[in-house]
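First to last, the sequence lines map onto chains A and B. According to the working numbering, the first sequence is numbered sequentially starting from 40. According to the working numbering, the second sequence is numbered sequentially starting from 40.
Worth flagging that the hints you see were computed from the coordinates, not collected in a lab. Take these hints with a grain of salt, some might be off.
Since the list gives no way to pick out one identical chain from another, each pair is judged satisfied if it fits inside one copy or across any two copies.
Computed cross-link-like contacts, SDA-like style, restricted to lysine to any residue with a CA-CA straight-line distance of at most 25 Å [what the hints assert, rightly or not]:
#: 1; residue 1: Lys257; residue 2: Asn110
#: 2; residue 1: Lys194; residue 2: Pro125
#: 3; residue 1: Lys194; residue 2: Asp126
#: 4; residue 1: Lys194; residue 2: Thr131
#: 5; residue 1: Lys219; residue 2: Glu60
#: 6; residue 1: Lys262; residue 2: Phe81
#: 7; residue 1: Lys194; residue 2: Asn129
#: 8; residue 1: Lys304; residue 2: Glu91
#: 9; residue 1: Lys304; residue 2: Phe93
#: 10; residue 1: Lys174; residue 2: Ser133
#: 11; residue 1: Lys174; residue 2: Asn129
#: 12; residue 1: Lys304; residue 2: Met55
2 protein chains.
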Amino acid sequence: MDAREAGEVVGLVPTMGALHEGHLSLIRAARNSCGLVVASLFVNPTQFGANEDFDSYPRDEARDLCLFRQNGVDVVYVPSVEEIYPDGFNVTVSVEGLTNVLCGRVRPGHFDGVTTVVSKLFDHVRPQLAYFGEKDYQQLKVVEKLVTNLNLGIKVVGCPTIRESDGLALSSRNFYLNEKERIRAPALYETLEAVADRLNANRDLLTQCDWGRNALIKAGFDKVDYFEILDDVTLEPAIRYRPGLRAFAAAWLDSTRLIDNLFLK
Amino acid sequence: MDAREAGEVVGLVPTMGALHEGHLSLIRAARNSCGLVVASLFVNPTQFGANEDFDSYPRDEARDLCLFRQNGVDVVYVPSVEEIYPDGFNVTVSVEGLTNVLCGRVRPGHFDGVTTVVSKLFDHVRPQLAYFGEKDYQQLKVVEKLVTNLNLGIKVVGCPTIRESDGLALSSRNFYLNEKERIRAPALYETLEAVADRLNANRDLLTQCDWGRNALIKAGFDKVDYFEILDDVTLEPAIRYRPGLRAFAAAWLDSTRLIDNLFLK
Numbered sequence: 040m041d042a043r044e045a046g047e048v049v050g051l052v053p054t055m056g057a058l059h060e061g062h063l064s065l066i067r068a069a070r071n072s073c074g075l076v077v078a079s080l081f082v083n084p085t086q087f088g089a090n091e092d093f094d095s096y097p098r099d100e101a102r103d104l105c106l107f108r109q110n111g112v113d114v115v116y117v118p119s120v121e122e123i124y125p126d127g128f129n130v131t132v133s134v135e136g137l138t139n140v141l142c143g144r145v146r147p148g149h150f151d152g153v154t155t156v157v158s159k160l161f162d163h164v165r166p167q168l169a170y171f172g173e174k175d176y177q178q179l180k181v182v183e184k185l186v187t188n189l190n191l192g193i194k195v196v197g198c199p200t201i202r203e204s205d206g207l208a209l210s211s212r213n214f215y216l217n218e219k220e221r222i223r224a225p226a227l228y229e230t231l232e233a234v235a236d237r238l239n240a241n242r243d244l245l246t247q248c249d250w251g252r253n254a255l256i257k258a259g260f261d262k263v264d265y266f267e268i269l270d271d272v273t274l275e276p277a278i279r280y281r282p283g284l285r286a287f288a289a290a291w292l293d294s295t296r297l298i299d300n301l302f303l304k
Numbered sequence: 040m041d042a043r044e045a046g047e048v049v050g051l052v053p054t055m056g057a058l059h060e061g062h063l064s065l066i067r068a069a070r071n072s073c074g075l076v077v078a079s080l081f082v083n084p085t086q087f088g089a090n091e092d093f094d095s096y097p098r099d100e101a102r103d104l105c106l107f108r109q110n111g112v113d114v115v116y117v118p119s120v121e122e123i124y125p126d127g128f129n130v131t132v133s134v135e136g137l138t139n140v141l142c143g144r145v146r147p148g149h150f151d152g153v154t155t156v157v158s159k160l161f162d163h164v165r166p167q168l169a170y171f172g173e174k175d176y177q178q179l180k181v182v183e184k185l186v187t188n189l190n191l192g193i194k195v196v197g198c199p200t201i202r203e204s205d206g207l208a209l210s211s212r213n214f215y216l217n218e219k220e221r222i223r224a225p226a227l228y229e230t231l232e233a234v235a236d237r238l239n240a241n242r243d244l245l246t247q248c249d250w251g252r253n254a255l256i257k258a259g260f261d262k263v264d265y266f267e268i269l270d271d272v273t274l275e276p277a278i279r280y281r282p283g284l285r286a287f288a289a290a291w292l293d294s295t296r297l298i299d300n301l302f303l304k
């Protein structure tokens, strides 16, 4: 497909389905700026590691298509795996640097999968604007880098994280949580907020990140992949507290991995 | 630049300058099929290894610009290193598989440099057709793969190798050869032809490649990087003689590395 034929401003909202209000907020943002809103629905195998949840990732295409329609998506692009990765496909588009930290460090190959599939989606849909959520903040920065470095001529629009009333960031992976885990899950965001607050009294970043990791374990998380404070733009480590930092956390409730982040005002 | 604005069929001839008849044959081919012929001139640092000849690579921009003009190039694109690799540039476009053999094996990182810069040039120039010489046959196949895998919508046109009257394939690196080396250099093509001929009598590929390697050393080459017979399309190793094979050789005369290849009819 090449949506540009229509001569309208094309906005792309790439999704892996299992839609929630976060996705719908991206669609609304696209709807506000674009003449033609394209949503893609593709659970991309290459961004999942060998032991990750590709097989169990929630899929409900009928529900997703209905939600796309109800929310004013003009075109839904649901490619097959063969369309995205035809026989003999052997190209990788990589962003280095930004992908060496956080989820890139914990999930080797993940962002190569993301940047390669996003390159393909951009090429198939040829949007002028593309919408990504700040919940996956590192992904947003990586896609921005991809677009500027390869001069793709696409404006990447980052949209604020949408949260449940108790603060839990919306994520398709929240579907995995059982009742007990769902009660514990908001502690991820609460801990990010608590660290932001504690930094007013003690500005030592390492101390506060240690505190954050411990707080997550105390709150019932089984494992903390990272709790870090990095530069909001470059994702480089921050030596000391200053404006322009963001806190990032990833932690597990049993076999469900949740991530979240918070800009430090 | 975006040459597509002109509404004409745009052909790109990417070069690293140091033009010879091989380049000019690409320009003529482009001239025959395209309304607008763009030639790029960029000695791409990232496709040279640390110990390779980036610094000494022949450069004569005034001469090249003159030859471009004389041969009907409409637009010459001479980007700076900063334009291609702006500060913070950190994307790599890789083709796997095809790049594990021949020059890809001997020159690690070389083809990542090629595919990344070609991606950038394609994006800056936005041609419908792009011209590459069969002398760098593996490069031609890698670029074809890049274009089909990323659906870049560009037709890659491979053009026959242009040779001196004694058979030596034209190459900017021939400029490095001293008189003695220049006399020995045609043995590279002669040996490829001899092996093609010998295969009529003895179809054992390994035997003939061994013979080819030895023949090159006997002819005065100082080192043979490879002498191999591979599938013409996939560059996969051939087990036994059959139609659709191509012989490839790379060898050194002192500090000058020459490559050549020959389709086995």
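Against the structure, the hints:
Taking CA atoms no more than 25 Å apart as the test, Lys257 paired with Asn110 passes in neither setting, with 40 Å inside one copy and 74 Å between copies. For a Cα distance limit of 25 Å, the shortest separation of Lys194 from Pro125 across copies, 18 Å, qualifies, whereas the shortest one inside one copy, 28 Å, does not. For a Cα distance limit of 25 Å, the shortest separation of Lys194 from Asp126 across copies, 19 Å, qualifies, whereas the shortest one inside one copy, 31 Å, does not. Proximity of Lys194 to Thr131 under the C-alpha cut-off of 25 Å is found in both arrangements, the shortest distances being 22 Å within a copy and 20 Å between copies.
Taking CA atoms no more than 25 Å apart as the test, Lys219 paired with Glu60 passes inside one copy only; the shortest distance there is 22 Å, against 74 Å between copies. Within a single copy, Lys262 and Phe81 get their C-alpha atoms no closer than 29 Å, and across copies no closer than 50 Å, so neither meets the 25 Å cut-off. For the identical chains of this complex, Lys194 and Asn129 are inter-copy neighbours only, at 18 Å across copies versus 27 Å inside a copy, given an alpha-carbon limit of 25 Å. For the homomeric pair Lys304 and Glu91, neither the shortest alpha-carbon distance inside one copy (34 Å) nor that between copies (49 Å) is at most 25 Å.
Taking identical chains as interchangeable, the C-alpha atoms of Lys304 and Phe93 are never at most 25 Å apart, the minima being 36 Å within one chain and 47 Å between chains. In the homo-oligomer, the alpha carbons of Lys174 and Ser133 lie at most 25 Å apart inside one protomer (21 Å), although the nearest pairing across protomers, at 29 Å, exceeds that limit. Proximity of Lys174 and Asn129 under a CA criterion of 25 Å is satisfied inter-copy only: 23 Å between copies versus 30 Å inside one chain copy. Taking CA atoms no more than 25 Å apart as the test, Lys304 paired with Met55 passes in neither setting, with 31 Å inside one copy and 49 Å between copies.
In this structure, the earlier hints numbered 1, 6, 8, 9, 12 are contradicted, and the remaining ones agree with it.
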